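Asker: Please model the complete structure; the sequences and the hints are all you need to start from.
The listed protein sequences correspond, in order, to chains A and B. Here the first sequence is numbered in the working numbering, starting from 1 and rising by one per residue. Here the second sequence is numbered in the working numbering, starting from 1001 and rising by one per residue.
Warning: the hint list may mix true and false statements.
[Unchecked claim] Partial pick of chain A residues on the chain B-facing surface, computed with a CB cut under 8 angstroms:
1. 32
2. 52
3. 54
4. 78
5. 81
6. 82
7. 86
8. 88
9. 90
10. 92
11. 94
12. 105
13. 110
By construction, these hints were calculated from the structure, which means they are not laboratory data. The structure displayed is predicted, hence computed values, not measured ones. Note that beta-carbon positions come from the ideal geometry of N, C-alpha and C, so glycine has one too.
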Amino acid sequence: MSDAKIELRNVHKRFGSKVVLDGINLTVPKGQSLVVIGGSGTGKSVMIKCVLGIIRPDRGEIFVDGKNVLKMDQSEREKSLRKFGMLFQGAALFDSLAVWENVAFGLIQGRRMKRKAAKDIAIEKLAKVGLGPEVGELYPAELSGGMQKRVGLARAIAADPEIIFFDEPTTGLDPITADVINQLIVDRVKELGATTLSITHDMASVRKIADRVAMIYKGKIIWDGLRADIDKSGNDYVDQFIHGRAEGPIGMDVLKP
Amino acid sequence: MTFFTIIGRVVLALLAEIGRLALFVWQAVSHIIRPPFFWRLTAQQMMRIGYFSLPVVALTAFFTGGALALQIYYGGNEFNSESIVASIVALGITRELGPVLGGLMVAGRVSAAIAAELGTMRVTEQIDALTTLSTNPYKYLVVPRVVAAVVTLPILVFFADIIGIMGGFVVGTSTLDFNAGVYIKNTVDFLKLSDVTSGLIKAGVFGFIIATMGCFHGFHSKGGAQGVGRATTNAVVSASILILAANYVMTSLLFAN
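Answerer: Right, here's the structure in full:
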């Protein structure tokens, strides 16, 4: 696969005796939106953090644009991180900075842009997520959860990244706000032509933003297919998950006393 | 058997913690000398760590100097006390009590604040967010705090020296009816430059301990509000103990000849 933007090969990670990633193999082709689904604590977040270099896997290889990011030195790595944008689960806005400074953070600190120019871009990006320039002067604590997510999205797209990660973009939001966020994600990603990797357990979100879906269970990818095929996957685990049933192959080892 | 298991576990945990700390200190120090530098943040931290600690440190020094004068007067024989009180207050404050008590007060104030702030940033993923915005968290968060503490602690202790000696002077001249001119003359005659500089060197080291302990425990906090609380406590306790231990080592080195 020469057009693979991100590729994980046999990635392992354990914390103490707890195995979190047990040989992940996953490829995201350029321009595709891949959504990884899976229950809580199945290693979804850890997988994304391995790609970003926040967590170092014990074994395996991770390629971004064909280069093994685990073999890069620090400056190469920091350069490669400029291709990325990320929307965090709790938005992870810096609460000591105004909203516009949050959005412009990567431009000012990471790319050494002048504050004035960065502010103009920040205001423009805020408009793209449906927020007026007056919001830019507020502080994150003054915003609702949905607005924080929008600011987080604006910050993720501020530097026009080639790759965007979404960590549970709709968690904690009401269904309508969630749909607004999903729609914004779809629109902004199309506009940028970015490759995206999202993790979620919200099926509405999956159906809206995914081109392809992969399911992670016990640190392994157990199913991988197009969004259209998800309802006829023939995989009991996937079926149980997308219908949200307590009974099924996944619940078994949890339910045992 | 279980007894040895417990000992083994404790030893392993301790060694792991020392290893983590060593790596952390290495990261922090290696980033101090590599650009880019965040001057504005460093100046901001100097205000918070140094300037705003001034009242606490000044009050501590004043009362310590006063109490010291009384103790020497009551404890020693009253014959010749006028010269002994002045000289011992001056030496005691500049060599030991100024740096140590000043360091402990700042440890309580600043280590806790740093650990709470960085700990909250850790659990809300703000530190991970920095990485995704091509900003190294060690550079952006740790270096400004460490540099600010190392620079401002000696300045704080220098003021503490002056105010502590003044505390002794006020008690000596008012309660103990010493002659003000003789007291000052005795102080100036006895005090050598090396007494003051040795205290200021200690203060710089204490500043390093205070900031690194706050940052280290904040960086490695996990598990929500409880984890942040634990990090805060650990930061203050470890900073205080390390200050006292380092003080002993430095006293034996600085005054060995």
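Asker: Hint by hint, note whether the structure agrees.
Answerer: Results of checking the hints against the structure:
1. 32: violated (20 angstroms)
2. 52: Since the shortest Cβ distance to chain B is 6 angstroms, the answer is holds.
3. 54: Holds, about 5 angstroms.
4. 78: holds (6 angstroms)
5. 81: Result: holds, 5 angstroms to nearest chain B Cβ.
6. 82: Cβ of residue 82/A sits 5 angstroms from chain B, so the hint holds.
7. 86: holds (4 angstroms)
8. 88: Residue 88/A check passes; min Cβ-Cβ to chain B is 5 angstroms, inside 8 angstroms.
9. 90: Holds: closest Cβ of chain B sits about 6 angstroms from residue 90/A, inside 8 angstroms.
10. 92: Since chain B brings a Cβ to about 4 angstroms from residue 92/A, closer than 8 angstroms, the hint holds.
11. 94: holds (6 angstroms)
12. 105: holds (5 angstroms)
13. 110: Holds, because the Cβ-Cβ distance from residue 110/A to chain B comes to roughly 3 angstroms (cut-off 8 angstroms).
In this structure, the one hint that does not hold is number 1.
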